[in-house]
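J.: Protein chains in written order, with the working numbering: chain A, 1 to 383; chain B, 1 to 224.
None of these hints come from the bench; they were simulated from the model.
Since the structure is predicted, the reported quantities are computational estimates derived from the model, not experimental observations.
Among these hints, one or two may not hold up.
As the list claims (entries may be wrong) - Once the Cα atoms are required to be at most 20 Å apart in a straight line, the calculated SDA-like pairs of lysine to any residue come out as:
{"no.": "1", "chain 1": "B", "residue 1": "111", "chain 2": "B", "residue 2": "24"}
{"no.": "2", "chain 1": "B", "residue 1": "111", "chain 2": "B", "residue 2": "181"}
{"no.": "3", "chain 1": "B", "residue 1": "111", "chain 2": "A", "residue 2": "85"}
{"no.": "4", "chain 1": "B", "residue 1": "111", "chain 2": "B", "residue 2": "18"}
{"no.": "5", "chain 1": "B", "residue 1": "111", "chain 2": "B", "residue 2": "17"}
{"no.": "6", "chain 1": "B", "residue 1": "111", "chain 2": "A", "residue 2": "175"}
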Amino acid sequence: MSGPVRDDRRAFLVTAAVVMAAFSIGAALQTVFVFRPARVGVLEPGEAAADLAVRLSVNLVTVSLALAACHLLRLGERRAGRAAVTALCLGVGVGAIRYGVQCVVGIYREPTLRVAAVEIGATVMVVVLAVAIAHAQVAGRRRIREQEREAVEQRLRAASAFSSLAAEESRVRREVADDLHGTLQGQLVLVQARIDALLRAEPGEQEATTLRAGIAAVREELDRIRETEIRAVSHRLHPAGVSLGLEHALRLLARTIPPEIEVETVVAPLDAGDPVAPADADTIVRRVAVLRAAEEAVSNAVRHGGASRLRLELDRPAPGTVRVRVDDDGRGLPAVVTPSGIRLVSERLEALGGGIQLTASPWGGARLVATVRERGASVDSEP
Amino acid sequence: MHETSVVRVAVVEDQPLFRALLDDLIGSSEGFDLVASASDAREARRLLHAEVFDVALLDIELPDGNGFELGRELRRRHPWIGVVLLSGHDMMETLLGLPPAERAGWSYLSKTSATSREGLLQALRASAEGSNVLDPALVERRVPRRGSRLSTLTPRQLAAAKLVAAGLANDAIAREMGISAHSVDNLLNVVYASLGVREHPDVNPRVATALAVVEHAVPERSIR
């Protein structure tokens with residue numbers, strides 16, 4: 001912290017010094033060579049030089065005094081309002097001292113209130129002006145430092161968010177693999193054992209009906225495994241919540257976005273009471289397609305775009321059509337081709353009567369809009 | 001509802017072993033009465049059509065349907081009941097699918113938490129009385145999202161909000177946090193103001209706070 005603060009203090013003092021010195025020198029020169037003081041009747045170069053030297057010294061001593069006071073009072077680090085008031089008071093004080101010195105030194109033989117007011121007033125103006133300019137200078141430097149710090153923090157956040165997403169993905173894959181291996185494996189082993197038992201039976205030892213019964217039981221078991229176990233596992237491979245509805249699925253997707261990133265989720269209620277019955281395969285496929293598009297958009301925004309804000313919106317622009325829109329404030333679309341992940345999803349959505357639009361977001365990053373028809377057309381059927 | 005009245009519970013759960021566990025926990029608890037136990041949505045409709053009960057304990061993932069929508073269906077038929085949703089995965093966001101005015105009396109428990117008698121009974125009674133209980137273990141893990149109103153709360157205020165979400169009454173919150181009941185009132189008023197929950201006059205601020213925790217806080221990542 002000491003580095004930039006020290007630099008700021010130095011910048012403040014240097015700026016204030018330059019402004020005040022410029023005024024001091026200019027004022028002295030002007031007074032001696034333009035506004036001839038009454039006491040010098042005929043201007044001699046020698047006398048002018050002496051007069052100039054005296055005036056300059058007084059001014060520069062004043063400037064030093066003012067600078068010392070600024071440094072001690074830390075004017076550069078105060079808020080603008082307080083600094084202005086302090087500078088005003090400082091100006092009056094320094095001005096009064098300067099006028100006093102001017103009288104002592106002989107620039108003014110007789111102190112008068114009017115002249116005092118003018119001199120002090122002038123000093124105040126110079127001091128306030130110098131402090132104002134120096135203050136603005138320092139504030140500008142501070143602003144730039146803040147912006148740089150903000151940019152670095154944002155990059156760090158995006159990097160940590162990416163690693164979180166990656167870890168989450170690998171965790172899900174591992175769980176599914178474990179499931180497949182464990183439960184399913186065990187059950188298939190049991191089925192195999194049953195079949196082995198049937199094979200071991202000597203021909204003729206078992207009645208044909210018993211054999212048939214045994215095979216039928218094995219077939220039933222395989223059917224059950226296919227229905228429940230495989231569906232349960234593949235459900236995990238679906239985006240979560242799809243079986244409950246697109247609104248739930250989108251909210252759960254939003255939830256996977258790390259908390260360091262601002263996310264706004266806008267979900268219009270799609271149905272006044274969805275049916276309790278599970279969605280059919282066609283509906284699931286459509287929901288999954290739209291959701292995958294949203295996942296791609298989110299993943300790109302966080303991983304490659306360095307986004308710090310995301311907005312997910314779900315609505316029904318027309319009856320029978322569902323739309324998901326994802327906006328981010330990241331780096332925006334790559335200048336090259338659309339990312340391959342998006343292309344795959346786009347093709348799938350087009351086959352389902354929808355599509356993807358990739359444009360620039362008003363937030364500065366990318367905007368992805370994915371639409372799909374909720375039901376397939378009754379006449380044609382895609383393979 | 002008076003504290004000592006008996007809570008009548010209907011259970012809908014497809015996993016037989018787990019349902020047996022729930023039935024047993026409820027049936028053997030004083031102050032609770034197991035009115036019906038169904039293994040899927042169809043059986044639930046059949047059994048509960050004419051039944052009188054105070055709270056339904058529903059698995060979200062049923063073989064022939066969706067426990068959440070079944071809950072809404074039951075609520076339309078019996079508007080005074082509470083609903084406690086169960087799931088093996090953290091599906092608390094499901095509750096956000098309810099319009100704000102309908103959210104009172106809906107609770108959520110993970111299946112793990114439901115195996116604990118105290119947690120289960122607290123959720124059942126609270127929902128029957130129109131309050132919301134969100135699984136404390138799940139709520140505890142949630143971290144406010146940047147930029148949300150929840151992120152403007154101080155750690156103490158957030159802790160209080162999470163206890164409200166877990167269904168604790170103010171005196172219980174006071175005990176839990178080691179402060180006076182008066183302090184809890186003040187703390188919660190600040191929380192309500194920060195979250196803007198009073199902006200909807202027909203929504204109970206406690207319910208709104210609980211759902212705000214679900215909506216604007218995400219489960220903490222644990223990288224195994």
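J.: Now, for every hint given, state plainly whether the structure supports it.
T.: Hint check results:
no.	hint	verdict
1	111/B / 24/B	holds (15 Å)
2	111/B / 181/B	violated (32 Å)
3	111/B / 85/A	violated (66 Å)
4	111/B / 18/B	holds (9 Å)
5	111/B / 17/B	holds (12 Å)
6	111/B / 175/A	holds (18 Å)
Taken one by one, the earlier hints fail for this structure at numbers 2, 3, listed in ascending order.
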